[in-house]
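Chemist: Chain by chain, the residues run as shown.
Number of protein chains: 2
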Amino acid sequence: MTHDCSFLEDLDLADDQLSFAEGRRDSHATDFGTEQSGGVFPDAVVYPERTADVSAILEAATERGVPVTPYAAGTGLEGNAVPARGGISLDLTRMDDIVDYRPDDFQIDVGPGIIGSAVDEHVAPDGLFFPPLPSSGDISTIGGMIATDASGMQTVRYGEVADWVLGLEAVLADGTVVETGSRASKTSSGYNLTDLLVGSEGTLAVVTEATLELSGRPEQIRGGRAIFETLEDAAEAISEAVRTEVDVAKIELVDGLSARMANRYLGGDLPDAPMVFLEFHANHGIATEIDLCRTIFEGHGVRQFEVSADETAMADLWEARRELAYAMRNYEPELEPLHPGDVTVPISSYPEIVREVKRLADEHDLLVPCYGHAGDGNLHYSPLVDLDDPDQLERGERVYREVVERAIEMGGTATGEHGIGQGKRKYLEPEHGAGAVDAMRSVKHALDPTGTLNPGKLFPETEAGEDVRRPRR
Amino acid sequence: MTHDCSFLEDLDLADDQLSFAEGRRDSHATDFGTEQSGGVFPDAVVYPERTADVSAILEAATERGVPVTPYAAGTGLEGNAVPARGGISLDLTRMDDIVDYRPDDFQIDVGPGIIGSAVDEHVAPDGLFFPPLPSSGDISTIGGMIATDASGMQTVRYGEVADWVLGLEAVLADGTVVETGSRASKTSSGYNLTDLLVGSEGTLAVVTEATLELSGRPEQIRGGRAIFETLEDAAEAISEAVRTEVDVAKIELVDGLSARMANRYLGGDLPDAPMVFLEFHANHGIATEIDLCRTIFEGHGVRQFEVSADETAMADLWEARRELAYAMRNYEPELEPLHPGDVTVPISSYPEIVREVKRLADEHDLLVPCYGHAGDGNLHYSPLVDLDDPDQLERGERVYREVVERAIEMGGTATGEHGIGQGKRKYLEPEHGAGAVDAMRSVKHALDPTGTLNPGKLFPETEAGEDVRRPRR
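Chain order of the listed sequences is A and B.
Everything in the first sequence is counted per UniProt numbering, starting at 1 for the first residue and increasing by one.
Everything in the second sequence is counted per UniProt numbering, starting at 1 for the first residue and increasing by one.
Identical chains share a label here; the pair holds if one copy fits it or two copies do between them.
Only pairs whose alpha carbons sit at most 20 Å apart, straight line, appear in this in silico EDC-like list of lysine to aspartate or glutamate:
1. 358 / 397
2. 426 / 179
3. 358 / 405
4. 426 / 397
5. 444 / 179
Derived from the structure by calculation, the hints contain no laboratory data.
Values in this document were obtained by computation on a predicted structure and should not be read as measured data.
Input sequences plus hints: build the corresponding full structure.
Modeler: Here it is in C-alpha cells:
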C-alpha cells in the first residue's frame, strides 16, 4: 500500500506545499464518519495552489501509478476522501479563492477549497445566497459538496448542489484541464460533463473551479416546531404536507429518542416526543402556507405547533434540532452511534421507512435514533451500540444494513447526500443493477484508465478495501 | 453509405415492425430543420415495441457495424434524428405507453414515443403537469425531448427537461439494458448516468423508458402582452425583470420584424413593434408580481402593458406569438428563413446579443427576425434569404454563424434547447474547448466503442457529414 512519492519533490512546488510528515499524513486519513483509517495513510500530502499544480501532480502520479485522493475539510461520512490505497492526499483547501462574481447573472466562480458559508457571506450584501448548503456548510468545502452532490435542509425547496452548479473547471487523471457547462442558464450543447462530475467523488477528475448559481433571499422567513404524539403521525404529516406541495423551505423530522437525547443535553421542559422543525420562505402568502401546514398537521394529531417571525424565537424553537449532533454524542458514554449516513426514499414511502427503523430496532433490541431532511424522504439513523460487545455490534450492523435494503426496495437510494465512499460500496449494484454499474465502470475507465483517482471508492470491489472503514468512537 | 440490413429479418419482429420501403425510408430522412436529407436515407426503418426489441436490434447492428439512429416525431431542428450514415432508423413512436403513474410521488413512467401533451392530459385530473414541455409539446415526443434536453417557454420558472427526469431505462449499443437514477427525489449514489444520457442525442444509448417528475398546477395564471418602442428597450426590460427575480412563468420576446409578419398574417391593428408575451403562475401574490413587472417595464418605456385572468382574453393577447411560426413561413414567398435554431446567453448579456443580431442584419443588408424564450437568455433568429441567390445565402450563413460566435464569446451556448445534431457540430469545440470535447469522445467510446449509435452527430468530424444539413425551403 505504500507508494514512492519522492517524485513530488521534482515538481515546481514550494516547500510548504508538500509534506511527508506523519502528523500530516495521519490527519488526512480520517473523516467525520471514520475515526480510524484502518491502517491506510497517504504517503504524502500535497497542497496545490493553482490549477497548474493539480495538473502537474496528476500527470506525474498517473505516469507512476501512484493513487491520488482529493481531500479538503474531511467532513465526509462515508470515507469518501480517506485514501484507501495510500499514495497522495491532494489537499485542496488552499484553492479557496473567489475567482469572479457576477451578481447581475446570479453567478460566482470559486475554488474548490472555499468553505460553503464563505460563499454566502460574500454574496449576502447583494441579497443573494447559495441555497443547497448542507448542515455542515460552515465547515465543509464547495469542492466536497460537489464531490458528493451534497444537499441539506433547504433542498426540499431549492434542490441539491447539482442543481446550482453551472459549470466546472476540472483536471483529468492525465493532467488535462477541461471546462464544462456554460454561463447560460440552459444549454443542450454536448454531453453534460458537469453533472457527470458532480457526485463522482473525485474518481473521474479533480474539480479546480466551480461556477455556482445563486438565488435571491426570500423576503419573508418564519421558523417553527411541531410536536407529535407518535413518530408515525409525524412521518405521515410530513408526507402529506409535501404531497400537498406546502411551500416549506425546511421540514426536519426528529424521533422521540433523538428528542430525549436533545432534551437531556439541553435541559428545558420539552416532552421526549417526535418533533418536526419547520422553516418557511416566501415573498408572498407565507401565512397561508403556514396555515395549510398546520391544518394538515392537525389532521395527524399534532400536539403543539409554534411558528415565529422573530429571529431569537426561531432560534429557540430550533434549538433541539441544532444541538442534536452534540446531544447524541453525550447521551450514554458506553453507547456509540454506528454509522452516521442516510437513506432517502420516495415521499409516499416515508412513513414506511420510519416504521421499518423502529420495527428493526425492537426486533434487535437496540436504540436507533432517527432524524432527517424529511421533506426529501431523507432519513439519518444510527443504531446505538457498545462497540466492545460483538453481539450488539453485529445486531447494529444488521439493522443498519436492513434499513438500506428496505430503502432500495422502496425505489429509494442507499445514500441521499453523502455519496458511496467506502461505506456503501456494497449497495451500488443492488441499487443500480449490474448493467448500470458496468456502464459507470466504463466511464471511469474512459476518463481515468489507470485508476489514479481515488481508488477503492464508490465501486464494489473484491480486493481489500471493503472493511477499512470503522465506526467513529 | 448503404448498409445491408437484411439481418433484421432474422430477429424476432413482426412483419409490420420492419420496412425497407422507399417511402418509409424517405420519411425518416428529414426533420423540421431540414427539408432535404442531403441524399442520406436509412436503409431500413424498424419499429420496436418493447425494450427487448431495442436490445436485440442494437446488439445485432453493433455486431455488423450497422449505424442505428433513433427517431420519433422528427420535430428536431438540427438534423439530430436524421441518419447521417444510413443504416437503421429506429422509430420509437410505438413505445408510447404510460407504464406506471404514481401521483402520490408526482412521478410517471413513460415510453420514449409518447407525445409530451399526452403526459399532461393523463395527469391533469390530479391537478398535475409536466412543466418543461417545449412549444412543440403537442407533436414532439418525450424521448426526443430527453435526447436534446429540450426546454420551452416555462423553463424560466420551472427549468429544463433534465430537471424533471428522475431516471431512465436505456439500451447501450451492445444491447445491454441499464437503469439509471432513483425514485427518491435526491440521490448521491454513483455516477449520474441519467443526466449524462439526457441531451446526448441518442449517441450513447437508446432511452426505452423515462421516470418523469410532475408538478402541481399553480392556483393562479395570468397572461399578458407588453409593447415597446424599441427592441433594445424590450430586451433591457426583460433582463432587468429576470435579474429582479420577478416570478414569471413565460417571458417571450418578439422583435418588430416578427411582429410585422404576425400582424400581416393575422390582420388586426397591433403596431409592428417589439412585443413581450408574459404569463404569471402563482399560488400567492400574483398581482404584486405583475405590478413589479409593470413598474420595471415602465422604466424601459413600455407603450402598452395588458394582463388578463380570462382564458379567452389571454389567448387573444398571445395570438401573435402563437401564430408566429406560420406567419414567418407566409411572409415573403421568395424569402426563406435560414436555420431555425437558437443561441442562449447569460441574462445580463441578453440586450447585447439582441443588438448584435440587428447590427449584423444591417451590416449584411438582410432581414433577420428574432424572438425567443427571453427569460432564459434564449434567442431564435433566422436570416431571411432567397435560397437561389448565392450571395444572399452566403451573407445569411455569415450572419447566422457570427451570432453563434458572439453568443459563445459572451459565455453562452451555441444551442440552448435543440442540441448539436448535424447543424452545430462545428461549434462544439469553440464552446467547450478541446479538452472537454476529447473527454466527451472518451465517454462516447466507452459506451459505444464501435460507433453504432447516431454517427455523424454532435462531434465535429473532418469526413463527410458536415454539410448534409440543408435549410428548409
